[in-house]
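Visitor: So you can see what is in the structure, the chains are spelled out below.
There are 2 protein chains.
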Amino acid sequence: MPSVETIFSPALIQHHLLDDRYAVIIDVLRATTSICYALNEGAKALTPVATPEHCLQYRRQGYLCAAERNGLKLEGFDMGNSPDEFRREKVEGREIAITTTNGTYALLESQQAERIFIGAFVNLDALASFLIRENKDVVLVCAGWKNKVNLEDSLFAGALATCLTNFDCDCDSTLMAKELWLAAESNLSEVIDQSSHAQRFKKLGVDDLPLCLDMNRCPVVPEYIENRIVSLPLQNTGIAE
Amino acid sequence: MPSVETIFSPALIQHHLLDDRYAVIIDVLRATTSICYALNEGAKALTPVATPEHCLQYRRQGYLCAAERNGLKLEGFDMGNSPDEFRREKVEGREIAITTTNGTYALLESQQAERIFIGAFVNLDALASFLIRENKDVVLVCAGWKNKVNLEDSLFAGALATCLTNFDCDCDSTLMAKELWLAAESNLSEVIDQSSHAQRFKKLGVDDLPLCLDMNRCPVVPEYIENRIVSLPLQNTGIAE
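Here the protein sequences come in this chain order: A and B. Each step along the first sequence adds one to the number in the numbering used here, with nothing skipped, and position 6 is 89. Each step along the second sequence adds one to the number in the numbering used here, with nothing skipped, and position 46 is 129.
Hints should not be assumed to be uniformly reliable.
Same chains, same label: a pair holds when it works inside one copy or across any pair of copies.
[Claimed, not checked] Calculated cross-link-like contacts (lysine-lysine; reagent style BS3-like; alpha-carbon spacing at most 27 Å): (1) Lys219 to Lys156; (2) Lys261 to Lys231; (3) Lys261 to Lys127; (4) Lys286 to Lys127; (5) Lys261 to Lys229; (6) Lys156 to Lys173; (7) Lys231 to Lys285; (8) Lys231 to Lys173; (9) Lys229 to Lys173; (10) Lys173 to Lys219; (11) Lys261 to Lys156; (12) Lys173 to Lys127; (13) Lys219 to Lys229; (14) Lys286 to Lys261; (15) Lys127 to Lys285; (16) Lys127 to Lys231; (17) Lys173 to Lys261; (18) Lys285 to Lys229.
The hints are simulated quantities; they were obtained by calculation from the structure and are not laboratory data.
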């Protein structure tokens, strides 16, 4: 029986074994949600990079450049980190370089994993179907906020683990995530509204929560391969079956 | 209003501010539980040290020496890490040097805090009363298991935060801990029985869960001062009031 482990913060990755496992990177508010939107709206690929400076270097190759820090779009970039900015008219057929406060960091720290996927509430069922079909050990990597644990990523880990019914979910952090999801599932937006991140959004005037909690709006399975995040073809995801 | 933050693993301590705050070290199975037992049974003080070798150096000064690694008492020591070993006939009036897999590590990593206290289910109410009276910002440090998050320490953090009704518990990790406690409170031993640590106990033949979940059996407030853990005099804890 394959297992599901949950890592509540990128600072804990080094204490878990990623080799021979599939990693799912989770940054619900908003990097991994926006990546799902971008691919679902026809973007060709996203290249995650660590710094805004590195991001801008891709512009001369014709990339769109997306950069967010502390919840805000940085000046001089095509977009920040809001799923609302990754619409078809802007992203279809395009390559995008992206850097965010937490999501890209978690991804770049998880490179020991055999394969790396991107998860958010907007692609929950698509990703779960794919992982069930693959039947491999999975590690759920929550991006958190500057290495602190956050509520929304932990809840998504619980939601995904709950979908993986044939997996061994007995590690303590996965038990905790599932229990939290069970308690929050019926009133998810009210629960996430209490989170530090939602409070930060209110202060910044960001109104992306509904887009981020729009369950299964983006039936994609994004995979990070050779420095780019691309959408797996539907026939490989099991979704079309 | 003072605040309560929760740190789910010692590996996350460096990402939280401990200065000017009170830290509570939590290693329910079993270091902080055993420390409460020892002091409640009349031990004079406990000196936590990092290694078994360092621990044994205290013997020539007349200390009892307690050492545990991976759940087992080490050979050549007076006791391991079971609360059952810290009985009055053995510990009364004695100084004890102690080293454990996770608890002493979490404590030694938390030295930036203004004051450091020891928490477990066996001293929940005593500690909560004291903290309420002190009215200072508190950081709850879960010892976990080798830097991984564990269930029982997270649950205790939730129980303690729930007692601190006049504190700001809005940080995500404290919200998570409180939610987990709320879900587990009515059947605590069944929930903790699912934890990795309880499973490890079963394999080792350790039967300490009932002693560790004996709520409020040890009405002490242990504080770590100048390398030793001592019990605060009752008149300073608010318990006698």
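Visitor: All hints are to be evaluated individually against the structure, with a verdict given for each.
Guide: We went through each hint and held it up to the structure:
no.	hint	in the structure
1	Lys219 to Lys156	neither (37 Å within a copy, 37 Å between copies)
2	Lys261 to Lys231	both (19 Å within a copy, 17 Å between copies)
3	Lys261 to Lys127	neither (34 Å within a copy, 43 Å between copies)
4	Lys286 to Lys127	neither (33 Å within a copy, 51 Å between copies)
5	Lys261 to Lys229	both (23 Å within a copy, 22 Å between copies)
6	Lys156 to Lys173	within (16 Å within a copy, 64 Å between copies)
7	Lys231 to Lys285	within (20 Å within a copy, 32 Å between copies)
8	Lys231 to Lys173	neither (33 Å within a copy, 42 Å between copies)
9	Lys229 to Lys173	neither (30 Å within a copy, 47 Å between copies)
10	Lys173 to Lys219	neither (36 Å within a copy, 51 Å between copies)
11	Lys261 to Lys156	neither (33 Å within a copy, 34 Å between copies)
12	Lys173 to Lys127	within (12 Å within a copy, 70 Å between copies)
13	Lys219 to Lys229	between (29 Å within a copy, 25 Å between copies)
14	Lys286 to Lys261	between (30 Å within a copy, 25 Å between copies)
15	Lys127 to Lys285	neither (32 Å within a copy, 52 Å between copies)
16	Lys127 to Lys231	neither (32 Å within a copy, 37 Å between copies)
17	Lys173 to Lys261	neither (37 Å within a copy, 43 Å between copies)
18	Lys285 to Lys229	within (19 Å within a copy, 37 Å between copies)
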